[in-house]
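Chemist: Given chain A, put chain B in place with the hints provided.
Number of protein chains: 2
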Amino acid sequence: MSAPNKDFSVAIVGGGLVGALNAVYFAARGWNVTVFELREDIRTLKQAGGRSINLALSKRGISALDGADAGAGLFETLIPMSGRMIHIGGKQSSQNYGYFGEAINSVDRKLVNEHLLNKLQKMPNVTIKFLHELLSIDYEKKILNFKKSDGTVYKAQADLIIGADGSYSRVRRELMRVTRMNFSQEYIEHGYVELNMPPSEKGEYQMDPGHLHIWPRQTFMMIALPNIDKSFTMTLFMPWKNFDAIKTPQDLLGFFEDKFADSIPLIGRELLVKDYFKNPKGSLVSIKCKPYHYKSSCLIIGDAAHAMVPFYGQGMNCGFEDCLVLDEILTKHIGKPGTASSTKPTAEALGKAFEEYSATRNADAEAMCDLAMYNYVEMRSSVTKLSYKLKKSFEGFLHRLFPTSVIPLYTMVSFSRIPYSKALSISKKRGQWYDFFGRVAVYGTVVTALGVGAAVGLRNGGLKYVHGFMCRK
Amino acid sequence: MSAPNKDFSVAIVGGGLVGALNAVYFAARGWNVTVFELREDIRTLKQAGGRSINLALSKRGISALDGADAGAGLFETLIPMSGRMIHIGGKQSSQNYGYFGEAINSVDRKLVNEHLLNKLQKMPNVTIKFLHELLSIDYEKKILNFKKSDGTVYKAQADLIIGADGSYSRVRRELMRVTRMNFSQEYIEHGYVELNMPPSEKGEYQMDPGHLHIWPRQTFMMIALPNIDKSFTMTLFMPWKNFDAIKTPQDLLGFFEDKFADSIPLIGRELLVKDYFKNPKGSLVSIKCKPYHYKSSCLIIGDAAHAMVPFYGQGMNCGFEDCLVLDEILTKHIGKPGTASSTKPTAEALGKAFEEYSATRNADAEAMCDLAMYNYVEMRSSVTKLSYKLKKSFEGFLHRLFPTSVIPLYTMVSFSRIPYSKALSISKKRGQWYDFFGRVAVYGTVVTALGVGAAVGLRNGGLKYVHGFMCRK
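Residue numbers (my numbering), protein chains in the order written: chain A, 1 to 473; chain B, 474 to 946.
Chain A on its own, in the form it takes in the complex (with noise of 0.2 Å):
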């Protein structure tokens, strides 16, 4: 068991993406940080496996590294996509994701992994324990239980535990135990597998990296994010079902002519073939709950507290925002890192920075949760339709007139830090705004024909029959 310190201490469950930058940003406040972590050390793998291999990096992800001076030697290997690239009938047609030339950024996620932690071995409050699997945790007493990899059971004492163990948290099933949690998990009904991409022959991209590639086929589809190696890696997302009609390499050769056809040749068919079979196949799930807090012990973040599907790219940048918003609050409620009453914060402060912190953050993951499960439709089917593209040039018209006061969804969401719910209940009265005007539209053109057809109507014999009718006397 580790000796209770005299500084404040912490014990970060999970040290993947989220806790790792969480870790981070605890560091700078002075307190004694130990990450737990299931895994072994993922920069000794050579691909961490089931998960997905690149992300989509954005506004919040990048706001929440820069908050942590974290971004230097990991901004310069992303990759601008500034729109999406439109696969349909062998042709190709870009979509931009903003109107000034804003983009997300393809970013291989084992890359930033490995970068936050060797920030935090560089970091000489912080400890980082791998192969350490959470069995139980006494809120009381605060104290982990930990199954380490040759069996023996670790106990680890601390002021203050963080959750960031991902979907299938440990640290949230020990939460439950002790607090009315509100919880709910819903899984979709489509998996993903993971394909390759590799470079040309002459070792270049085969298609513009400068795009997030999208096969569009209304129930199923397939994206492609490039990497730094000239590669893309492909996902494809569909129903189980057509999974499970898929057993042979010809019935996937044939699924492929008939749906991607313009992929294959630059998959080639045998790598096809091999990735489909070996790559493991993925579901994916939509974790709401509440509240993410029990009294000053305990709190989760990242997806410990909020699993989105993600066809929003939003995950990792809803994850990492998390950590800047609950730096923010807690210098609200204890200070700025470096004061006194930062580095070793009462149970009461912190208690108040929690309660708000689980409150406000709740709403905003949840409308994330929310939006990434809307854009799915929108990713698959959507964006070949021409509603959906004057939809989207009318607002870019608007936006590109009022850049501050019109600002279209995936904007906001993507390319700000407008809180989520705001941005969703912004989108969804606008919605309600261009419904009203196209039924105005509607309605006056109905108006109008039938006032010119009335007018015509009555000229050529109403008004005689209305005479007749009135002067008969």
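Please keep in mind that the hints were generated in silico from the structure rather than gathered at the bench.
Keep in mind it's a predicted model, so treat the numbers as computed, not measured.
Any given hint could turn out to be false.
[Claimed, not checked] Taking lysine-lysine and the DSSO-like style, the derived pairs with C-alpha atoms no more than 30 Å apart in a straight line are:
1) B:895 <-> B:865
2) A:332 <-> A:344
3) B:825 <-> B:532
4) B:615 <-> A:278
5) B:865 <-> A:428
6) A:241 <-> B:805
7) B:714 <-> A:352
8) A:428 <-> B:615
9) B:615 <-> A:147
10) A:429 <-> B:901
11) B:895 <-> B:825
12) A:247 <-> B:703
[Claimed, not checked] Estimated spans, in silico, between C-beta atoms of each pair:
13) B:721 <-> A:176: 49 to 55 Å
14) B:620 <-> A:41: 30 to 36 Å
15) A:417 <-> B:756: 35 to 41 Å
16) B:516 <-> A:140: 42 to 48 Å
17) B:820 <-> A:280: 22 to 28 Å
18) A:445 <-> B:909: 29 to 35 Å
19) B:721 <-> A:405: 53 to 59 Å
20) A:63 <-> B:650: 33 to 39 Å
In this text, a Cβ means the ideal position worked out from N, Cα and C, and glycines have one as well.
Modeler: Chain B only, in chain A's frame:
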């Protein structure tokens, strides 16, 4: 480790109400049934802790007990309650539940459980093991690991595992590891505490035992159900913040004098204070999940599958009906008890039966969870409103005229076996008709009034004006 049995073996986790009744059904199929219960034998306890003392048994529960031939000896203890007795301003007014003398029945939870355990103990192919805490399940090997009271691990093997282990089901938790289970749990903002109203000095009921008594107070309420010892068990439901505000006996008595004055002399000040501060305060949770099964290996029933708030008195009834519905579906897929196909069912037939059960029962159980949530508003608030009473009278009038075609919602839920989901959808549709007729009545009145007004107006000058205009030339 228990030796694999040549017979078809079933492990039922949970020896509460639903687990015990289901064991009776399964034993009747000749299966080798072992019931594992976490707690000690309820028959050795004076009072089971932390659970409601009495429950309302109605049609579905009675049918399920009848279906297992498990009613005799229990039905004699039932206390029929034909309606609600509403306590407002010190006065009582009765509202019947049914329109043909139907009643729900107050029954002692402990007595029901003991009755079923006694019945099980007489069946040769049933074993009951108390103080067995489920640790984990290996679904592929069909092995259950239990911790016994002496701390040792007990391994059991079974062809089929039934989870009847309540709201915080371990079987469900293990099921979530092998299935993509959608799951939600929602705590309501209200807690409850049980109180006791003893018999009078003469040993009689102090209120009418033929009613379920309610003190509706809009945001909270108290209810009372009669017990066979002539006492009433009262349950006070209110927001947690109200519980938090009552810190002293003076706070409690002040609150009761203000809100439930008529109950104080019947309970007695001393007992009220004693019970309120001694008895545990319980939370109320609504749990939904899907699917309920894993292949032919495992199925969850009762609260483990669908915990509901207690405001429709359907928790036990729905759980009991689970057993009956499951038996009906099993008979459809594997044959009647006694047939060879039922005694030793194939995995394929069982799997299909569970798939059907999971799909149909889920819709019904979730409908019931929703109905239970709606009924909280009805019980604590709607029952006091004129519009509610008018609607109820009107519906009762129609029901008396057309007893089989217009059935009030409460009657469908409590006095019929119409599937819950159907009852809910019929009731929703009917609500739309009521709204429609209401609107037609309002519109009719308005249009008539406008018509009369226009006719009068036209007669008093309008015609002259039109005539002047038309005949000017």
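Chemist: Hint by hint, say whether it matches the structure.
Modeler: Results of checking the hints against the structure:
no.	hint	result
1	B:895 <-> B:865	20 Å, holds
2	A:332 <-> A:344	15 Å, holds
3	B:825 <-> B:532	28 Å, holds
4	B:615 <-> A:278	29 Å, holds
5	B:865 <-> A:428	38 Å, violated
6	A:241 <-> B:805	27 Å, holds
7	B:714 <-> A:352	18 Å, holds
8	A:428 <-> B:615	50 Å, violated
9	B:615 <-> A:147	25 Å, holds
10	A:429 <-> B:901	28 Å, holds
11	B:895 <-> B:825	23 Å, holds
12	A:247 <-> B:703	68 Å, violated
13	B:721 <-> A:176: 49 to 55 Å	32 Å, violated
14	B:620 <-> A:41: 30 to 36 Å	34 Å, holds
15	A:417 <-> B:756: 35 to 41 Å	36 Å, holds
16	B:516 <-> A:140: 42 to 48 Å	34 Å, violated
17	B:820 <-> A:280: 22 to 28 Å	27 Å, holds
18	A:445 <-> B:909: 29 to 35 Å	30 Å, holds
19	B:721 <-> A:405: 53 to 59 Å	55 Å, holds
20	A:63 <-> B:650: 33 to 39 Å	37 Å, holds
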